[in-house]
Amino acid sequence: MELLEYAIIGGILYGIFFSLVGIGLNLIFGVMRIINLAHGQFIVLGAYAAWLVSRHFGFNPLWGVPVSIVAAAVIGFPLYYAVVPRLQRSGDPEMLSFILFFGIGQMLEALTVLGFGADQRSLPSEALGAGNIGVLGQEFPDSWWWAAAFSMAAIVALWLYFTRTKLGYATRAIMASRDEALATGISVNKVSALAFVAGLALAGIAGVFLPYLLGSVSPDLGDGLTTTSFAIVIIGSLGNPLGTVIGGLVFGLGTMLMQTYYSSWSNLVPYVLLLVIVLIRPTGLLGKAVRSV
Amino acid sequence: MSAPSPKTFLRRVAAGLALSATAVAAHAAAAPADIKIGTLYASSGPFAVASQGQYEGLQFWAAAINKEGGVFVKAFNKKIPVKIVAYDDQSSTSTATTLYNQLITQDKVDVLVADFGSVLTSVAVPLAAEHHMLLIDPTGSGANFFTKPTDYLADVSIPSSTVWPIPLANYIIQQKIKRVAILYGANDFDASQATTLKEVLAKAGIKPVYDHGVPTTESNYTVLLHTIAATHPDAVLEFGYAPNDIAFLRGLSQSGLHFPMTFTIFPGQLLGLITKNVGAKALNYTYTYPTPPLVKYEKVTYGMNTADFVKAFQAANKKEPNFLDCAGYNTGLIVQHMLDMSPQFTQKDFHQAIMDMSGKTTTLLGAFDVNANGAQLGQPFPVAQIVPEGAGSKMVVVYPQDKATGKAVYPAPQQ
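Line by line, the protein sequences are chains A and B.
According to the working numbering, the first sequence is numbered sequentially starting from 1.
According to the working numbering, the second sequence is numbered sequentially starting from 1.
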């Protein structure tokens with residue numbers, strides 16, 4: 001029973017963090033209908049930003065969060081205007097974005113290897129507290145709580161943006177129908193560019209905590225993170241960013257329960273869940289909510 | 001039988017001389033301008049650090065031998081420079097398959113050397129056999145490679161993974177440790193070690209209290225460690241690759257859990273990388289298999305001994321070598337010895353030369369002993385513990401007794 005409790009609490013914390021890992025991918029798809037296959041590489045860049053901040057400049061790795069946001073703006077706006085409007089003018093933006101962002105991802109990975117080397121890098125354990133915090137008698141490292149807290153904060157901020165700001169309403173309008181949003185005078189390009197940067201920033205923020213949850217970071221982690229994010233997004237609902245929270249929780253709980261009781265198969269969890277959800281509910285667990293937005 | 005007439009005798013001698021001259025001429029004509037050694041390395045991916053170390057060691061050997069005019073090739077009775085033909089497989093088995101094929105069929109290399117580790121070697125084993133080429137396997141030690149006699153495989157720089165854990169199992173038995181937890185990566189390298197360990201422990205009546213595999217890509221051990229702790233083990237043995245070991249040891253240090261004995265593989269091979277990521281304090285009292293240059297072989301019969309290699313490598317590459325650098329250099333040495341022993345320049349003769357030197361050769365990695373299945377049974381790994389010393393730490397060999405440099409601290413104190 002104690003093992004089950006530990007797996008459930010661990011699964012929730014891990015799942016909340018993986019909601020943040022996937023949410024940027026879903027935001028970009030929801031607004032622009034493009035699939036950012038370089039998503040994992042942007043998460044890895046966030047991790048390296050935290051590594052630079054802490055190991056090179058001696059600051060707390062949490063300073064990697066604002067650095068990631070600034071870097072997302074610096075990289076995101078030019079990248080958006082260079083590729084996204086062109087993609088959307090093409091006949092098949094989804095498929096073309098698939099290919100284009102795959103290429104960008106490979107370039108980013110190669111650049112990361114050139115810049116940092118191929119070896120593993122980790123962040124100082126004590127920077128986020130070297131102790132453990134317990135809930136219902138189950139203790140988890142401080143870094144897990146920090147990761148979950150920042151993830152929750154980022155998700156709540158996104159929800160507030162969607163539901164309390166004019167830009168958020170405009171973003172939701174574009175997600176519902178790009179053509180109708182254009183017809184109502186919404187500056188689709190500007191709002192989309194902002195969403196694109198927000199998607200990259202969310203990926204970067206997730207990256208800051210990645211070395212704590214996965215032990216270390218190395219340039220090759222990007223593709224695996226993109227695949228996991230994609231599974232989480234589809235489990236929740238493709239095109240509905242907040243559905244990703246449900247996808248992340250299902251993934252986290254599934255992985256931790258599997259690790260506890262049948263560890264050899266734990267890496268199959270996201271894909272088995274994906275298969276089951278697609279067969280039973282092709283729109284994802286929150287698929288209906290997309291239509292009602 | 002009557003003796004040949006002087007005329008017939010002269011004719012035969014002339015014919016013999018003519019044949020010999022033709023053979024020598026043919027040999028001289030067939031001698032290549034350089035000996036092409038084909039290999040792969042990974043510049044990225046999970047095996048990059050280890051693969052690059054192995055490749056650097058091989059390059060170091062090639063540069064050193066070329067400075068001396070090349071490698072002596074007995075089949076041509078002369079020294080010939082070596083040329084390394086290498087491609088980047090990015091730690092991907094599918095890319096590696098294509099590139100091994102290219103080395104064999106397009107580049108037509110003379111000697112085929114596998115990339116680091118069992119995963120990237122696994123795709124080369126059937127390809128080499130299919131093309132009747134001897135695969136020089138530096139560090140692919142998975143048990144499945146060595147199940148039947150073969151002329152096309154020789155594990156040269158690392159013992160077969162089935163023999164690695166034997167000293168470890170014997171140490172556990174000697175220490176009278178009864179509650180053992182085993183966590184291993186679901187790949188041939190790690191799983192075969194777990195299997196051997198369990199077999200040896202079973203003979204002493206020890207049944208693991210926890211025995212589970214995890215995916216090779218596993219990177220989060222917090223919940224796994226908690227599950228292991230629930231079985232109250234006295235020894236936790238984790239068999240994984242370097243990224244697994246980093247994640248495992250970091251997870252352990254962050255979890256607040258403590259076990260009397262913890263073992264992982266790669267601190268003994270890539271101590272610098274593991275220390276950098278885990279921290280020296282978190283590594284204290286961890287057990288591992290120490291490998292050269294952490295353990296040194298003074299008396300060798302071929303090439304530099306371990307200490308001389310360390311000095312030469314430092315001078316040439318301006319950095320401390322690790323085990324993979326030693327393994328890459330040793331691979332070059334074995335190729336060198338193979339070429340200076342092979343009477344003919346054929347893959348079959350290369351294999352025979354490897355078998356002939358087996359059991360009679362000692363290099364910087366220890367005794368070289370390949371069996372008919374291609375498995376390396378020499379170069380044994382002892383068991384060592386990392387113990388604090390002043391501000392740093394040191395590696396103390398604790399088993400077997402004849403190699404021990406100190407006594408183990410067991411149970412490990414809580415830090």
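No lab work stands behind these hints, which were simulated from the structure alone.
Since we're looking at a predicted model, the values are computed, not measured.
Careful, some of the hints might be misleading.
Calculated Cβ distances over 12 Å to all of chain A for the following chain B residues [stated by the list, open to error]:
id, residue
1, D34
2, N101
3, G185
4, L224
5, S253
6, V300
7, A315
8, E320
9, D356
10, A372
Partial selection, computed: residues in chain B whose CB lies under 8 Å from chain A [claimed, not checked]:
id, residue
11, T227
12, A230
13, H232
14, Q254
15, P388
Every residue gets a Cβ at the ideal spot worked out from N, C-alpha and C, and that includes glycine.
How the hints compare with the structure:
1. D34: D34 (chain B) is indeed farther than 12 Å from all Cβ atoms of chain A, at 29 Å.
2. N101: Given a closest Cβ separation of 23 Å, the condition holds.
3. G185: violated, 10 Å
4. L224: Violated, because the least Cβ-Cβ distance between L224 (chain B) and chain A comes to about 5 Å, which does not exceed 12 Å.
5. S253: At roughly 6 Å from the nearest Cβ of chain A, S253 (chain B) sits no farther out than 12 Å, so the non-interface label is violated.
6. V300: holds, 30 Å
7. A315: holds, 23 Å
8. E320: holds, 15 Å
9. D356: Label holds. Min Cβ-Cβ 38 Å, cutoff 12 Å.
10. A372: At roughly 33 Å from the nearest Cβ of chain A, A372 (chain B) sits farther out than 12 Å, so the non-interface label holds.
11. T227: holds, 5 Å
12. A230: Status holds, d = 6 Å.
13. H232: With a closest approach of 13 Å, the H232 (chain B) hint is violated.
14. Q254: holds, 4 Å
15. P388: violated, 18 Å
In summary, the structure is inconsistent with hints 3, 4, 5, 13 and 15 from the numbered list given earlier, while agreeing with the others.
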